[in-house]
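K.L.:
Below are the chains, spelled out letter by letter.
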Amino acid sequence: MSKSAFSRRGVLKSGALAGTGLALPTIFTASSAAAFTNDPTGSSVTLGFNVPQTGPYADEGADELRAYQLAVEHLNGGGDGGMMNTFSSKELQGNGILGKEVKFVTGDTQTKSDAARASAKSMIEKDGAVMITGGSSSGVAIAVQGLCQEAGVIFMAGLTHSNDTTGKDKKANGFRHFFNGYMSGAALAPVLKNLYGTDRNAYHLTADYTWGWTQEESIAAATEALGWNTVEKVRTPLAATDFSSYIAPVLNSGADVLVLNHYGGNMVNSLTNAVQFGLREKVVNGKNFEIVVPLYSRLMAKGAGANVKGIHGSTNWHWSLQDEGSQAFVRSFGTKYGFPPSQAAHTVYCQTLLYADAVQRAGSFNPCAVVEALEDYEFDGLGNGKTLYRGEDHQCFKDVLVVRGKENPTSEFDLLEVVEVTPAAQVTYPADHPMFAGGALGSCNSGA
Amino acid sequence: MDAILLQILNGLDKGSAYALIALGLTLIFGTLGVVNFAHGALFMIGAFCAVTVQRLLSLSYEVVDETQKDFLGNPLKVKTSYVESWFGPEMGGAIIDWAVPIAIIFAIPIMILIGFVMERGLIKHFYKREHADQILVTFGLAIVLQEVIKYFYGANPIQTASPEALSGVANVGALFGTEIFYPVWRIVYFFFSVVIIGGIFSFLQFTTFGMVVRAGMADRETVGLLGINIDRRFTIMFGIAAAVAGLAGVMYTPINSPNYHMGMDFLVLSFVVVVVGGMGSLPGAVLAGFMLGILEAFASMNEVKSILPGIDQIIIYVVAIIILLTRPRGLMGRKGVMEE
Amino acid sequence: MFGLDNKDTRMLLVVAVLTLCAPFILNPFPTDSAMAQFNAGYPDLMQRFVIFGIFAIGFNILFGLTGYLSFGHAAFLGVGSYSAVWMFKLLSMNVVPAILLSVVISGLFALLIGFVSLRRSGIYFSILTLAFAQMSFNLAYSVLTPITNGETGLQLTLDDPRILGVSATADGSIPVTSLFGLEMRSTFEMAVGPWAFQFNAGYYLCALILLAAFYLSIRIFRSPFGMMLRAVKSNQQRMNYTGLNTKPYTLAAFVISGMYAGLAGGLMASMDPLAGAERMQWTASGEVVLMTILGGAGTLIGPVLGAGFIKYFENIFSKINDHVLHGWFSFMPDGLEDFVVFIIHPFIGKGWHLTLGILFMLVVVFLPGGLVEGGQRIAKWVKGRKNKDDSTSATKTPAE
Amino acid sequence: MGILEVKNVGKRFGGLQALGDVNLSVKENTVHAIIGPNGAGKSTLLNCLVGKLIPDTGSVMFDGQSVLGRKPFEINQMGISRVFQTPEIFGDLSVLENMLIPCFAKRDGAFSLNAITSVPSEKDVLEKAEAMLEEMNMADKRHMHAASMSRGDKRRLEIGMCLSQEPRLLLLDEPTAGMARADTNNTIDLLKEIKEQRDITIAIIEHDMHVVFSLADRITVLAQGTPLVEDDPQNIRGNPKVREAYLGESA
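Residue numbers (the numbering used here), protein chains in the order written: chain A, 91 to 538; chain Y, 76 to 415; chain G, 23 to 422; chain D, 955 to 1205.
These aren't lab readings, by the way, just hints derived from the structure by calculation. Built from N, CA and C at the ideal position, the CB exists for glycine as well.
Under 8 Å between C-beta atoms, here's a sample of chain G residues computed to sit facing chain A: (1) 163; (2) 175; (3) 296; (4) 300.
Full structure from sequences and hints, please.
P.N.:
The following block contains the structure:
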């Protein structure tokens, strides 16, 4: 039995060709000659876009999918080229990747680790995908990242904010463009200090699972460094829909800042409930009561409506940025779909381009070559300023945006305004930072 | 002390949603003997009635304003809603502001109609079928309803605000001589649910229609033998149950922004409530709803969580297990209902 | 043969042939054809078919025979998965101890939950099992994270202290699961003309275990014990007054089906060493209920069919996107193509839930006995066409 | 000393005294009928004998052993079988399977994890069940769905199921209630046959005097939860107290 892992579509195809070439069907057995998993030997290369299409993050998934389609179009030379024109690397020619036409398959993660892995596996085993990307939650990203490592394909993470993705669960075959909890804390802290001073009492409400914990840890550490006092850290069940019983005690706790370490539907509901309980009109310890949502998402902010007004948080990217890259992206996305892209769309578009570029520069689809090309790679022009893909942990270091819910939105997309662009240097941390300790990158796996 | 009062209040408020959904579920169990997994979906549809009314009221026409730019740099299209242009900005604005209460008026006939169609078109063919079949068909229906809503409204929550006048906080503590601030709309929700529950009970208690239905709940065959068309009454009851779930949904929208799977989120919980209350018992369902709401509120207190970490995650289930083991048929269940 | 009567032997053989030839049967379309989208013959999905088949067979032993509707069976699957992954982390990458442990642990867990829950019957029993399973899920997702790794799911790392085996391979990777050296992921590929077939070691292990599980389930169905379980469903009062203690019967059925679930969980972890908490959520428990009812509760083959049906939709329909649709209908004139794609669009890709929901309703409305009844009707219809006057098959035998 | 000795049994439900102070002795190999007007406590008494209810006071001894506190299945395993007012059979199973279950219960006890052998291979049990069906004249119906039989056949099957356990005491709870005359007569004939052919004690609760007087060797009349009188059928027929309390209104 051939000692191969996963299917090798490329070999299959050549085998199939050999078969059809003869009058009688011959049986061709794949040899272990292939250099790596799913080596694309035909005229096209297949990428796997694994996004939530059902469940609470389906809209974010849909937006990611739009961006992926746009990226594929641009890579194949269609459309206006988007950020390919502003990208600092000029390797991509608009003729696919390494001259191969880019094709894609899509799948549904359902925001469940199991389903996401099943979907990714089917892309690798059945469709011959050479790279998997996508996702809208950290649990899924980490689970799929682990799978890709074992399978010998590259994983370009989508929206995942947990420190663990490039911390204790980092993998050699996995890369994250999105920022993380630590960076949110580092970016927010100085802004919060300017706005609310150094003498504050913070009350944390945290989604009771790993992402929530890492964010809580990051934000608490960053604000405590300012001199803030953390009054209480309360964990809320993932399944909670009504946060009123967690909000109510905040009033009498002596806290004057509420930090909501929630995302998605949890964030919408906890923020709505907090505003409902009149927290924002309160004056505690002689100061105005404030709410902070460390990880903002415009798509989700919409669900909270007017409640986001004036509330600060951080985000990876926002369509209102005025740099050339962002504008080019917003233009091509907006022209095609009629509304501006979300940060999820932006990060996955970048990831696709970065992968394609790395392959182009490496001159091979071999995951180990791609890893080498991406590690410690510096680039610009993708909307976040100068960015470094750090080799030690495969995390991108770039500027982080501090945003605020806009008081007078002019349209349904105009919900957030950028308050501050925190430079990359301020959010950079050493690779052996304790919040990211415990895991090992391992070595790249090409599946051979 | 204040903290405890606050949590009791919060529990009553949480419990009102549970009680309303469980009430409708029990009406359907009790009268029709059908396990309705689509009941959560009815709650969700009610909520989307409010969303739809709000959207209809905000329907607008666009005027291109050359002085402002949209995100692509093109001239901005400024939207003005028809309601505002018809009634003037003030009156029109007020109408839009009151979209949720207005939605109640629309939701009642729509929900009753949906209930009728569901019962006549689907459920009635399943009275004599096994509970397993009922579960499968209503679950399938729930998925379909949910996906239809998702297709038209997307998966993200949609904010539906309460009227400005009812969105602040009120000092409930004044009644007890302390200061306890509580959101006005949640108080409204509580009283609303009390009124609906009271209405349903008196309807069943004091009208002949209600008496026949109650008799039918106890012994369907005998009532059928009396020559009373119990089937038609049961159809109406299904419509009423749907309307109760729908109204619970409409009024819930300002509390939490509705999304397409909110029904499923409530479904399991409301089944637990119904069973804890006792199958087929209306007072049981209401009692269990409020009781579980209050217990949930207490379990989420920091003082409690520090002693029993994670208790708020499982309190409902722990209570359900304890009650079912100590009281075989829930709090007020009747013998022989749904036991085989 | 094997102590079965002719009919059962025939059924077992049919299932054996179907599972062993699945790589061919599930890949009917040439790899490069437009219809290849519907091929299901790749290792992961084939493994899922048989693993969920085992899960549903076990569930059916409880629900189909005794009528006790457990809404918390996914908890046993989850516990089985966690046990297996822990075994991989601590002992060895061999799947045998992992699978054995997962069966034992989930059996014990089922004994505990069954002992309490079976004090009640009907919907009260269902809610008790649901409550236990939801508690397990909620705790696994949060408080029990040190054991379960919460949201991400328990997975292998490079520094697992594996007693029999290495923490990491020479080239710095996590070792893979194996059966005495035969790697579960190793796949033998065969190309016949334009077709490509994949023979995966893990799949064949699962398939053999499925056959064993199916065989055992036939034996249970046909045994005096199985008859007693059906008697429990039929009339507990009579059971009691016939000198039979129903409690150990139902408990035994509960534990056996819990062990089946644990076996499925252990296999799942053996094929892919990750155990996610969502495996224990009520929706997962609901899924096996739906599989069983959809296929035909109380029949032998039904649950396997139901499991295949649902998993096929989940994995195949969810992957069809507009792009693929346009590819299929590109032969049509543009306007018509767009129209057809527009019509089909809501039912595929992100709409696969909708399609599944509609199919649930159609099956339950038109085929009250599930897919098995559909098969029987077709068989009857075919028979009826062969000899029209043969209408003596009125004797009602219990459905298969 | 009878095979069944009921001493000073009393049972209350809330404020209602269902059984006062019941003493009853059923002699081995006799047919003992318990009669009484509605609400006399007949069913309560029966439920106390089979373990469904536990009396508040008194004792129930079967063959020298107390049955109190034992579960119904344990009491059955001691040798008491019960026939219900409405036939309790396994409706979803075939007639043969209905007969097999008590045969297995007799052989294997209250619980047996007999999951590996197949039913057809259990020749001894199968033969016994077939023989009992033969005896009940139901052999031709063996593959019928039990629920689809007539009420009379169901009753016959239920009695057959009880007999296949070779009980020492057979309790019958109004075995002919709701039956047509022909079915009633058939049942009487069947019971007579059983009485003659087997070493068995029968206790019967009955409303229908025709049945009682055709079968009973001994009769206890129950009124308002206490035994009014216990005697031979002839004497009962002539007893004025009984006439007044019971027969007067129904005969």
